[in-house]
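*Asks:* So the sequence lines, in the order shown, correspond to chains A and B.
Counting from 1, one number per residue, gives the positions in the first sequence under the working numbering.
Counting from 1001, one number per residue, gives the positions in the second sequence under the working numbering.
Errors might be hidden in some of the hints.
What the hints assert, rightly or not - What the simulated footprint calls covered on chain B by chain A, stretch by stretch (three residues with Cβ under 8 angstroms from a Cβ of chain A suffice, anywhere in the stretch; the number is not a length):
| id | region |
| --- | --- |
| 1 | 1022-1036 |
| 2 | 1049-1056 |
| 3 | 1073-1083 |
| 4 | 1159-1168 |
| 5 | 1198-1206 |
| 6 | 1218-1227 |
What the hints assert, rightly or not - Partner residues aside, some chain A positions facing chain B, computed with beta carbon under 7 angstroms:
| id | residue |
| --- | --- |
| 7 | Arg28 |
| 8 | His51 |
| 9 | Val62 |
| 10 | Glu177 |
| 11 | Trp212 |
| 12 | Thr213 |
| 13 | Gly221 |
| 14 | Gly223 |
Just so you know, the hints here were simulated from the structure itself, not pulled from any lab data.
By construction, the Cβ of each residue, glycine as well, lies at the ideal position given by its N, Cα and C atoms.
2 protein chains.
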Amino acid sequence: MPERATPETAPRGNTTVYRPTARTVPTRARDRAGYDRELVHGILDEAYVCHLGFVRDGAPIVLPTLYGRVDERLYVHGSTGSRPLRMASGTGTDHSGTEGTEGTDPGLAVCLTVTHVDGLVLARSAFHHSINYRSVVVHGIARQVTDPEERRSALDAIVDHVVPGRSFDSRPANDRELAATAVLRLDLDEVSAKVRTGGPNDEPEDVGLPHWTGVVPVVHGYGAPVPADDLDPSVALPDYLSVL
Amino acid sequence: MPERATPETAPRGNTTVYRPTARTVPTRARDRAGYDRELVHGILDEAYVCHLGFVRDGAPIVLPTLYGRVDERLYVHGSTGSRPLRMASGTGTDHSGTEGTEGTDPGLAVCLTVTHVDGLVLARSAFHHSINYRSVVVHGIARQVTDPEERRSALDAIVDHVVPGRSFDSRPANDRELAATAVLRLDLDEVSAKVRTGGPNDEPEDVGLPHWTGVVPVVHGYGAPVPADDLDPSVALPDYLSVL
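Extracted from the complex, chain A is given alone in its bound form (with noise of 0.2 angstroms):
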């Protein structure tokens, strides 16, 4: 049986599971919700984009960006003139980040959220309508990565998020790609996943309705890939491409 946890009794550090806590006990579906560190991190491995949010002048925003994961660390990187690289790093005009500091930094409050939409789930009512998906919320400081070494990592985690293997087939940054490019660090700690899976939860007295009622499933894929138009054709397609 996996280790259960409580907000109230659940140890904190290397356990399998995620603490919960106020802000990731949802307030309804409750049982969609879960804390497994193998759970997350699945969710997490299968996505490269996450929308990542943070608080500018008082107010939301939510940004489409990639992220690697190492461990129990998620990265994201940007331009360092970028806003949320720049608040994060207490040279922007604004940042939320209160919990503690290292160092000079403030570091930013980050709401990091990555979904998969599985299916869509036609009920016979249009109030039980719905989607199959997996996601997780991610809540933290996100802080610059300044560590030359744990920056390599981290953009190397970055680009095999993506595809795996091909930061060892690409040419690594320089100094002045690396001195361009800001690396922010969110702990996984506070964190949940929520999960919808199987099909549409009728009303019994809808069940006679002449409406059709199931799952259509979502499907992900890539297509052929497409050369540029400089490449020497004497260079093969990698394996790790023809294996996506």
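Since the structure of chain A is already known, use the hints to place chain B on it.
*Replies:* Same frame as chain A, but now just chain B:
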């Protein structure tokens, strides 16, 4: 030529573009930003899941949710017990809507973001790896919809946004279901699109490197619909599902 707008000169109202504002003009990659209504509507109408950001206790929260569009209004819905919907109605513990009021509804400051991933852009250098994508970011105050007719048409729009034509082929919400459902409206006013297309932008000095380079198209589609176990076999698959 489409009408172009700048923050200084663009008129409000029934123009072909949204007026750029300080927070819809990106700090970088401005050439990827767009404000054309047709472009924005197209990106919004091709998706049905958005990521909705709001602020609670000073921290950002980003949740995936369905949405619908009716002209220049977006709608999201949820249980009347869910946090953002309680917050928008002023019955939650906190809210961040500060701009004006309609009756007693304080509204909820939100950022609604929709993203399509169209391709993986593999450059010869790790630095120039990218994603081809189309995204829309909407800022504004989400407000509870109380008018019964607008609520019904909003719920139809959300169902039809997922599967066009489906709202006509399902039992409409009854009074009990309507009472349990909150609907929020977000006007399309402060809106921008961001689009990246095309191949990798490698540095000239990297062109001779022996790495495969190009674009891997990302494909989205639907599998064969799976009827519910209790579906009467005489109910045929409707046309609007066979053309999905």
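*Asks:* So, for every hint listed, does it hold in this structure?
*Replies:* Tested hints:
Using a Cβ-Cβ cut-off of 8 angstroms, 3 residues of the region 1022-1036 of chain B lie near chain A, which meets the minimum of three, so the contact claim holds. Counting residues of the region 1049-1056 of chain B whose beta carbon lies closer than 8 angstroms to any beta carbon of chain A gives 7, which reaches the threshold of three, so the coverage claim holds. Under the rule that three or more residues need a Cβ within less than 8 angstroms of chain A, the assignment of the region 1073-1083 of chain B holds, with 4 such residues. Here the region 1159-1168 of chain B counts 5 residues with a CB under 8 angstroms from a CB of chain A, which clears the bar of 3, and the coverage holds.
For the region 1198-1206 of chain B, the proposed coverage by chain A is satisfied: 4 residues have a C-beta within less than 8 angstroms of a C-beta in that chain, meeting the threshold of three. Judged by the Cβ-Cβ criterion of 8 angstroms, the region 1218-1227 of chain B is covered by chain A as claimed, because 10 of its residues qualify and three suffice. At a threshold of 7 angstroms, the smallest CB-CB gap from Arg28 of chain A to chain B is about 5 angstroms, leaving the interface hint in force. With a cut of 7 angstroms, the hint placing His51 of chain A at the interface with chain B holds, because the nearest CB-to-CB distance is about 4 angstroms.
At its closest, the beta carbon of Val62 of chain A sits 4 angstroms from a beta carbon of chain B; the interface hint therefore holds under the 7 angstroms criterion. A least Cβ separation of about 4 angstroms between Glu177 of chain A and chain B falls short of the 7 angstroms threshold, and the interface hint therefore holds. Hint on Trp212 of chain A holds. Least Cβ distance to chain B is approximately 5 angstroms, under the 7 angstroms limit. Evaluation of the Thr213 of chain A hint against chain B yields a held restraint, the C-beta minimum of about 4 angstroms falling below 7 angstroms.
A distance limit of 7 angstroms between C-beta atoms decides the matter here; for Gly221 of chain A the minimum to chain B is near 5 angstroms, and the interface restraint holds. Nearest Cβ of chain B to the Cβ of Gly223 of chain A: about 3 angstroms, under the 7 angstroms cut. The hint holds.
Every hint, counting from the list given before, is met by this structure.
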